[in-house]
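Participant: So the protein sequences, as listed, match chains A and B.
Counting in our numbering, the first sequence runs from 1 upward without gaps.
Counting in our numbering, the second sequence runs from 1 upward without gaps.
Among the hints, a few may not be true.
Covered stretches of chain A, going by a simulated chain B footprint (3 or more residues, C-beta under 8 Å) [to be verified]:
#: 1; stretch: 37–51
#: 2; stretch: 55–65
#: 3; stretch: 70–79
#: 4; stretch: 104–112
#: 5; stretch: 159–170
Just so you know, the hints here were simulated from the structure itself, not pulled from any lab data.
Yeah, the Cβ is synthetic: ideal placement off N, Cα and C, and Gly gets one too.
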Amino acid sequence: MTLRSLLRAAAAGALAATFGATAAAAQDPRLGRLDPGTRPLVAVVIDSARAAGLPTEPLVQRALEGATKGAPGPLIVSAVQRLAADLGRAREALGPGTTPPELEAGAAALRAGAGPAVLAQLRRARRQTIAVPLAVLTDLVAGGVPVDSAAAAVLALAARARDADLVEFRRSVERDIALGAPPTAATAAAAAAADARISQVNAGARENRPGRP
Amino acid sequence: MRGPARIAPAAPSAARPATSTRRAWTASVTAAWWLLGLRAPAAQLTGTVDVGVSTVHYDGFLPSGAAALTPVLRWDRPAGTLAASGTYLRFESGHRSLQGLLAGSFFTPPTARAWRGEFAASAGASRYLDFASFWHAVAGARLHILGAERGLWIGGTAGTTSYGTAPRPVIAADVGVWARLSEVTLRLAANHSQVGDTTYTDLESSALAGRGPVALEARLGARVWSRGGGRGVYGEGSATVWVGGRTGVVISGGRYATDPISGSITGRYLSAALRVRSAAPRHSFARYPVAPHARGADGASVLPAARLEVHADRNRAVRLVVRVASAALVEIAGDFTDWQPVSLSSAGASTWEVTLPVPSGVHRIDVRIDGGAWIVPAGTTRAPDDYGGDVGIFVVP
Chain A
1 MTLRSLLRAA AAGALAATFG ATAAAAQDPR LGRLDPGTRP LVAVVIDSAR AAGLPTEPLV
61 QRALEGATKG APGPLIVSAV QRLAADLGRA REALGPGTTP PELEAGAAAL RAGAGPAVLA
121 QLRRARRQTI AVPLAVLTDL VAGGVPVDSA AAAVLALAAR ARDADLVEFR RSVERDIALG
181 APPTAATAAA AAAADARISQ VNAGARENRP GRP
Chain B
1 MRGPARIAPA APSAARPATS TRRAWTASVT AAWWLLGLRA PAAQLTGTVD VGVSTVHYDG
61 FLPSGAAALT PVLRWDRPAG TLAASGTYLR FESGHRSLQG LLAGSFFTPP TARAWRGEFA
121 ASAGASRYLD FASFWHAVAG ARLHILGAER GLWIGGTAGT TSYGTAPRPV IAADVGVWAR
181 LSEVTLRLAA NHSQVGDTTY TDLESSALAG RGPVALEARL GARVWSRGGG RGVYGEGSAT
241 VWVGGRTGVV ISGGRYATDP ISGSITGRYL SAALRVRSAA PRHSFARYPV APHARGADGA
301 SVLPAARLEV HADRNRAVRL VVRVASAALV EIAGDFTDWQ PVSLSSAGAS TWEVTLPVPS
361 GVHRIDVRID GGAWIVPAGT TRAPDDYGGD VGIFVVP
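Chain A on its own, in the form it takes in the complex (with noise of 0.2 Å):
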């Protein structure tokens, strides 16, 4: 390849970038927030992910993230394409149909420390959305549990939960932790209670009484 040829590739891809960065900075004004030597990096990065089928807004989050805290413009650069790595690779987990807040979730849980078989796992156990499962997973390991603790006690109650008993499983781990619980011994536990209480949800038989604190 000649010199000359190298640099018309170079100057056509610079091109498509630009088009591409002005395109996407277009249709999302939000990033008329960040530098302008930064919002067509940005932009091109955006337009990849929705070129590859992957959800844009946590993209565009994460570079407005940087810009109210006043992040260097490499620095948003490379948060969104971090982030939009973790995206494919919890895709890569959850299958194509899987929706934007549980991708986003799954991404977390995967930069967590939980296996992608972990996260394939909860999407076979599950019908209704898992984003609320993986954010608990997230939010447990988090705490101090042990990923595999805390994957088995998510998966254990994620066919039956809904998303409130699982936010109120996590508050109740965490507030044993506090307490002095080890954090393997309060998740079993808060496990076990929920599982009761879901139990007796599918009997009908649910007793009024507010949740534990």
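Please build the complex by placing chain B on the supplied structure of chain A, with the hints as guidance.
Facilitator: Leaving out everything else, chain B in the frame of chain A:
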């Protein structure tokens, strides 16, 4: 009931079954070192080894320097925890002290509202020179009543302890409360113990605080009544700073009371130790259940603290409540506001709120007080934000 990892050096008393003590200690050391070579595959079996130096002054003895080795092995199971620990002390004189402890606890699943049962047991022994050995074995139960940010418990313990060949019955009762206030978890407890013909009542308090790689703990107590167990005020403090994932520095010191159950006698100490643990946590997130004071979401230093409460409504409107000690202006920004600051309305003392349409799912949020730095509110999960700071994560069901 004693925890498995006592900060203070072992008292120069304790221990017969000398052989069993030595075996238990040796097993503990071996297991801990074995663990240090692992990556903690399930993170349910963890170990630490402290290697350090102390200066200690037991009542009735001359002050002495000592080298200490303290392995701790902890096994978390879904239904409870088992921990084994040992302490080897070598004093300036060349004399050695050995102490070993095995402790376990089991929490029952909650059966009704906020009640929770706990069963625990511990057994230990210690030995110093040719003094008669101490050993003890006790078991207890507690009933916990849990609140959102506070709780209380009441419990009882029974068992036996022996100095030499004369076992003495142990009966104890304790009651306590705990609360989370801003960055600190506080506990206050009272216990009454009867060990043979020795009877005493202690009031104890403790404060725990931790952020990032630093953990601080302080204890203050008083033996307010005693027959044969001495009286007085005692207090201990410790600071642990993790340097890297598996290595930390522990500085501790203070004065502790005689414990007729385990055989430790009153002493003052100051210790510095290097702590190595079996494996670093595999996740990069960290939960901050209480409000952070220091580093903001943009890495800047901040003073005020805030706590976020999320109240989801059935019609998808979400009321976000921020509690902050004092402020003239409270703002939030998140992925549900396009990261544009939104001012909250004052809703009474220390309470600010706003109601917004926040869709179900995982969300990122930061809080700004009086135009200062963006901070991560307590009540969220703190995670790296890819911009050199942190962000709070919360879930809307």
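Participant: Against each hint, give a clear statement of whether it holds in the structure.
Facilitator: Here is how each hint holds up against the structure:
Figure legend: the stretch 37–51 of chain A, annotated as covered by chain B; annotation inconsistent (0 residues with Cβ-Cβ distances under 8 Å, at least 3 required). Only residues whose beta carbon comes within less than 8 Å of a beta carbon in chain B count, and the stretch 55–65 of chain A has 5; three or more means the coverage holds. Here the stretch 70–79 of chain A counts 6 residues with a CB under 8 Å from a CB of chain B, which clears the bar of 3, and the coverage holds. Here's how the stretch 104–112 of chain A fares: 5 of its residues keep a CB closer than 8 Å to some CB of chain B, so the rule of at least three is met and the hint holds.
Residue count for the stretch 159–170 of chain A with a Cβ under 8 Å from a Cβ of chain B: 6. That meets the three needed, and the coverage hint holds.
Hint compliance for this structure: hint 1 alone is broken.
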